[in-house]
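With the hints as your guide, set chain W onto chain U.
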Amino acid sequence: MILSTDTPINLGSFIIGDPISRRQGARREIKPDIRSIGGTSAVRPKLPNNTAFGEREALRRRFDAPMTSSLAGSRDFTSDSTPLQIWEGTVLNVDRKSGGVMHVLLDAKIGKLPIHTGEIELEWVADQDYDLVCPGAVFYLTLSKRTKRGSIENTQELRFRRRPSWSEGQLRQIENDAAMLLSKMKTPPTAT
Amino acid sequence: MIDYGAPPADDQIEITLFGPGYGEAIAVHLGCGAWLLVDSCIDPEFRAPASGIYLDQIGVDASQVRAIVASHWHDDHVRGISQLATKHPNAEFFLSAVFNSKEAGAFLAAFSGNSSAGLARGAKELFSAIQSREAVTPVLHKSIVLEATLSNRPVMVTALSPMPAAFAQSLAHMSQYLPRKAKPINHIPELRPNRESVVLHVNVGEDAILLGADLEEDQTSGWSAMIADNWSRGRRPATAYKVAHHGSSTGDCRQIWENLLTPDPVACLTPFSLGDLRLPTEADKHRVRTMTPHAYTTSGASRRPAMDSGQLKRLGDICKKLARVDAGFGAVRARKHFGSPSWSTELFGAARIL
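Going down the list, the sequences are from chains U and W. Using our numbering, read the first sequence as starting at 1 and increasing by one per residue. Using our numbering, read the second sequence as starting at 1 and increasing by one per residue.
Pulled out of the complex, with its shape left as it was, chain U reads as follows (with noise of 0.2 Å):
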């Protein structure tokens, strides 16, 4: 999911089809929401003056739309942005209750930070990549800066690894390995 901060949004009598509230079958109403996120831009977007929510709401909730991998090379973010932060993450748990959360583990890729644990909001996870949450499923949130039109903004993309799936060539080669190290096993002394 890629967040910018860059275009004007039609907030209105706002209600958003966040991914959450699209993936139950319904329309939740955002309520105002104080994090922030973003917000170096030097260009604020044009917001209609009776909204209900706060600028950062607002642009909080802006998600591109999904996309497909042929067309990730193309994204104008990645031409001007540099990456400040890469970080491989390990699902360890997913909780779905009240909004949803996941219990990840983080390890950086930029850097020698060491391995953090902290939890991430399900809404922060694409639409596309909603149905991989599940633990041990690995992510990369990427966190960028970039510069448009003499204006700098932060960038965050987070997006699940899909992997392939087993080949019979590797299911045979785990049937050999397992037969190796069952053949190393040998009977221990029992104590009376």
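If you're looking for bench data, these hints aren't it; they were derived computationally from the structure. Just so you know, not all the hints are guaranteed correct.
Here are the simulated DSSO-like pairs of lysine-lysine, each with C-alpha atoms no more than 30 Å apart in a straight line [unchecked claim]: (1) W/Lys321 with W/Lys285; (2) W/Lys183 with U/Lys97; (3) U/Lys97 with W/Lys87.
Since the structure is predicted, the reported quantities are computational estimates derived from the model, not experimental observations.
Only chain W this time, still in chain U's reference frame:
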């Protein structure tokens, strides 16, 4: 760098527990320079197995290690154990007998990274360790890990678990994750509850140590089942205890303290911090402290995120409750002369009184 000082005297028994906040390793001196290593974790300074670094520093030759035990396959207990298995070729290598089965073998093989990218570090470590050896020994309840006579003192290291009932439960658990054709390849989560753990009883002359691994409580396959067995209860009560499952209430029951330990034993544990699970909790610490006044932890340092404020603010916008996995590396060492009534305890690095 931690200065561990001199090695134990020939007539001293020792247990040293290492922990970086996420990980656990144990070194036990059985007397006369003979050592037992249980599990493995990484010393963050040397990025090598902590117990191996320890033995090097106190001047123990690699050939003096008699046995290496992997209590179970979880990442926090086997990091670097394949290096230990290679470094000590003369030591016999033991693991839970649960792995002496086709299903568990396939489980390890599938998630070892041999046929696809590494999917579970713990499985990879254990697979590599077994692969590097000519033979390994699976142990279960009543198995003898080591039997010797050192300076006329009988030494007997036995496995109190896994119990037979744990086999079916563990295998059923693992079977859920066995690869099937056309099913997506995923990382494997740690499987809980943990019933396949190898609990060890170390008996040297008149002294005994209980190493609780990560065994959890259960009436049919956990602590209660093990203690209900006459043979288990007949073991010499231990004066030192590596607390099971990081002090968690799920790894504890009163019968451990009443049947397998002497009053007020030396108890040491390693903390565990991963995701929303942080052990021991304050209630856990309190519970252990009520059982003994001699309780220690290898690591009690801050888990505050280790990054600059800019990085933290940026990441913290998306990821809440950020905490370091490693809360500082430390070691708890308890030594005593054979037959002596009390242990002498030393704390290194981030270790502290519980």
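Here is what the structure says about each hint:
Between W/Lys321 and W/Lys285, the direct Cα distance comes to roughly 22 Å. Compliance with the 30 Å bound is thereby established for this hinted pair. For the hint linking W/Lys183 to U/Lys97, the alpha-carbon distance of about 27 Å falls within 30 Å, and the restraint holds. The suggested pairing of U/Lys97 with W/Lys87 is violated, with an alpha-carbon distance near 48 Å, which exceeds 30 Å.
Of the numbered hints given earlier, the model fails hint 3 alone.
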